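Use these hints to put chain B onto chain A, whose structure you have.
For reference, the chains in residue letters:
There are 2 protein chains.
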Amino acid sequence: MKNIPHRIYLTEDQIPRQWYNLRADMKQLPDPMINPATGKPAVEADLYPVFCEKLAHQEMDNETRFVDIPEEILEFYKMYRPSPLIRAYNLEKALDTPAKIYYKFEGNNTSGSHKLNSAVAQAYYAKEQGLTSLTTETGAGQWGTALAEACSFFGLPLTVYMVKVSYEQKPFRKAVIQTFGADVIPSPSNTTEAGRKILAENPETGGSLGCAISEAVEKAVTTPGCRYVLGSVLNQVLLHQSVIGLESMTAMEMIDEYPDIIIGCAGGGSNLGGLIAPFMRDKLTGKADPRIIAVEPASCPSFTRGRYAYDFCDTAKITPMAKMYTLGSGFMPSPNHAGGLRYHGMSPVLSKLYHDGYMEAVSVEQTRVFEAAVLFAKQETILPAPESAHAIRTAIDEALRCRETGEAKTILFGLTGTGYFDMTAYSAYLEKRMVDHIPSDEELQKGFDSLPKIPGIQE
Amino acid sequence: MKNIPHRIYLTEDQIPRQWYNLRADMKQLPDPMINPATGKPAVEADLYPVFCEKLAHQEMDNETRFVDIPEEILEFYKMYRPSPLIRAYNLEKALDTPAKIYYKFEGNNTSGSHKLNSAVAQAYYAKEQGLTSLTTETGAGQWGTALAEACSFFGLPLTVYMVKVSYEQKPFRKAVIQTFGADVIPSPSNTTEAGRKILAENPETGGSLGCAISEAVEKAVTTPGCRYVLGSVLNQVLLHQSVIGLESMTAMEMIDEYPDIIIGCAGGGSNLGGLIAPFMRDKLTGKADPRIIAVEPASCPSFTRGRYAYDFCDTAKITPMAKMYTLGSGFMPSPNHAGGLRYHGMSPVLSKLYHDGYMEAVSVEQTRVFEAAVLFAKQETILPAPESAHAIRTAIDEALRCRETGEAKTILFGLTGTGYFDMTAYSAYLEKRMVDHIPSDEELQKGFDSLPKIPGIQE
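Top line first, the protein sequences correspond to chains A and B. Just so you know, we're using the working numbering here: the first sequence kicks off at 1 and counts up by one. Just so you know, we're using the working numbering here: the second sequence kicks off at 460 and counts up by one.
Simulated from the structure, these hints should not be mistaken for laboratory data. None of these values were measured; they are calculated from a predicted model. Incorrect hints may appear among the rest.
Beta-carbon label-pair distances, calculated as ranges [unchecked claim]: (1) B:G865 to A:Q129: 35 to 43 angstroms; (2) B:K746 to A:D282: 31 to 39 angstroms; (3) B:I897 to A:V165: 38 to 46 angstroms; (4) A:A408 to B:I714: 53 to 61 angstroms; (5) B:H814 to A:Q129: 53 to 61 angstroms.
If you want the ones that stay clear, here's a sample from chain A, every Cβ over 12 angstroms from chain B, calculated [as the list claims (entries may be wrong)]: (6) E59; (7) D61; (8) P98; (9) Q445.
Partner residues are not named here, just some residues of chain B that face chain A (Cβ under 10 angstroms, in silico) [unchecked claim]: (10) P464; (11) F535; (12) K537; (13) Y548; (14) N567; (15) L575; (16) F612; (17) F631; (18) K633; (19) T840; (20) D881; (21) R892; (22) M893; (23) V894; (24) D895; (25) I897.
We put the CB at the ideal spot given by N, CA and C, even for glycine.
Looking at chain A on its own, in the form it has when it is part of the complex (with noise of 0.2 angstroms):
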């Protein structure tokens, strides 16, 4: 057998120069995006007053299979990649497991998470396009540290929306974020409409990713030269998470691996959709059939109990609707919930191939998530973020079955990023004070209750 590393590297030669666009294979692609103005199917120049022109073609392209990377974008992926690919040997071991357990480990930069891969992408094509400044939003603040480290790199101005709860209960991921020379304010803000609408209704509101949605958009269209972007969900996001999938296709073959099972947690869908692409493109393609799982908080479980229907991406319903998993953009998490992945929708692209049944989907609850972040954290000595623990608890779980079986399955699963921000949360599972919540059909119902009606089209 052959000798396999603990860590495996690529040379900076083998960062994929494409990223690769999975819709290109879809045998069916998802429904198209409609503007909330007319009803009808949204077009490229209708998403220019949000996004710049590149990153709306990159957003409406069905077609073109591998994009070029532009060159700026390779150097910044050289200042942080290759990520390495990692063999778990000590968790394995502690599990004694058969299982083959590896993980691709983005959290080896200073964001602390895969986000960096979209930021960079998303800053250049704005600078390239003469834009002078950009809004975005943040919950537990790893994509505002990604875009300000991009958006400095660029010199492009930055203004930050943080969910409020987060911006006082984080002060050291503002600061951080105000390192890299961003600007954030705390969301619900007087700085917008959207926001003085909601703190006139709730003036004590903490703030939700939603509304911070809201404001940055809001900010975006009403600046001259500003423009928005997104961390995750967005076609344009998994497309520049490809990187990640294609970095660790690369990996395992030159180890001589395949995963059966690929397991990635899933807010939004940027980690997952970018880790499985080219594995998806294999069973799209009847190349391989990988078992590809996403993992959600059972806090907020868009997948497994969510709807498949069209929803806005914000609370203030001014982004066009997607048709994906949601719980509806009036679902709010539980204020216990902890672990970040508290988006109300999900991934388009994920949504809908997870409905055509090409991937599985499974919820799993906090303080279970908690318990293998520690086991985790002890046996690899990576922190995990809160995140990428929901991707190890079910990594854990498929490799005890493993156990019962005897079967020696490789497992693959994204570590997203680290924890470091996130000590309030260990603390609260180390102490016992962390509780999980499982939201009641009728908790459920309230975020369904606000979905959009569209005529014609869901009534």
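Below, chain B alone, put in the same frame as chain A:
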């Protein structure tokens, strides 16, 4: 010209299999440690109550040039080593310098610093000897985290005395250490004589590194099967940290480079001693003559303004006395000082080499350090620990000097870790609340007054 990638990774096979013991090549050795009980040079057995036997041997062994790294430690190293050597292309461009800047990045592991290199070695030897627990102290928290990771891996209970002011100001750092299963006690505490004495004299004290060392040593020597471990200053620590320099040298050989200038931050000397080890060997043996620069804070200037004298390593004066550059164990850096590197003494090996003219030292003020840190973060996208940023400051200064002279010097510096837990200091800098403090001669004199008197040796 050879095309040098941004990140130069060695393969797993290229992780050094032996540590390099710099003392074996020193023409004049450091003066021996003095046992405070006898006033005579300490022998190996004098150290057994405090350190485990193999480590006591490494501490005193001035002859063995290369020490085999046990397989178990190598296996652990493979989880996070080799660490990358990175060419700072973007920083060079921003500085418009002809200099070539390389940095060895040791922050890509969960402890966030190079400290893990020695932590795993010390935990392993303790376990091998059949010890049942360990104690240590931690200030900023990097060492405590690293040792907690290592002890967790080898199943050794660990008690960390954490300087009280850090314990209170860095709850997240504490939580990381606890996640790895260690017991964290704010120091001074009522768990030791040393702690109770200090609390009786000054109930409101925020503690100090020297006091935490006293508590950890006392706890170790009064608990059966327990020993004390220290993350810096010691000869054994420099030995373990030589992996940094050995990997750096191999990586530079691969790209046909050799540093003209080697720069490291210096608190107790663990990183600097490890980084320079094989290059200092070249210098001692006449093979090469790089400039070697230690960088320390202006507010804790042991090399540049300290005395070369025998001193205790702790404030309770129970450890052996070492000849080193020191500000006196009674010296306390200004409370304004944010950036670590606050130990009163310095590695005896480095002290001797500095005293004999083999290396230089500079001190830098903290606002200039943070200015360099922010510039570096924006260009290289890694948020450095304040400690590491001392080396960045001097590397930038040297690169700017090259711009003046037009010399294309090759600069290598050690980037010891990341600054995720130091955002309070970053915020103070960004909000212009950070002030510099250069101790007056009178302040320094108070520290020197605490130096021990040893009949016949130091009057």
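Which hint numbers doesn't this structure obey?
2, 4, 21, 22, 23, 24 and 25
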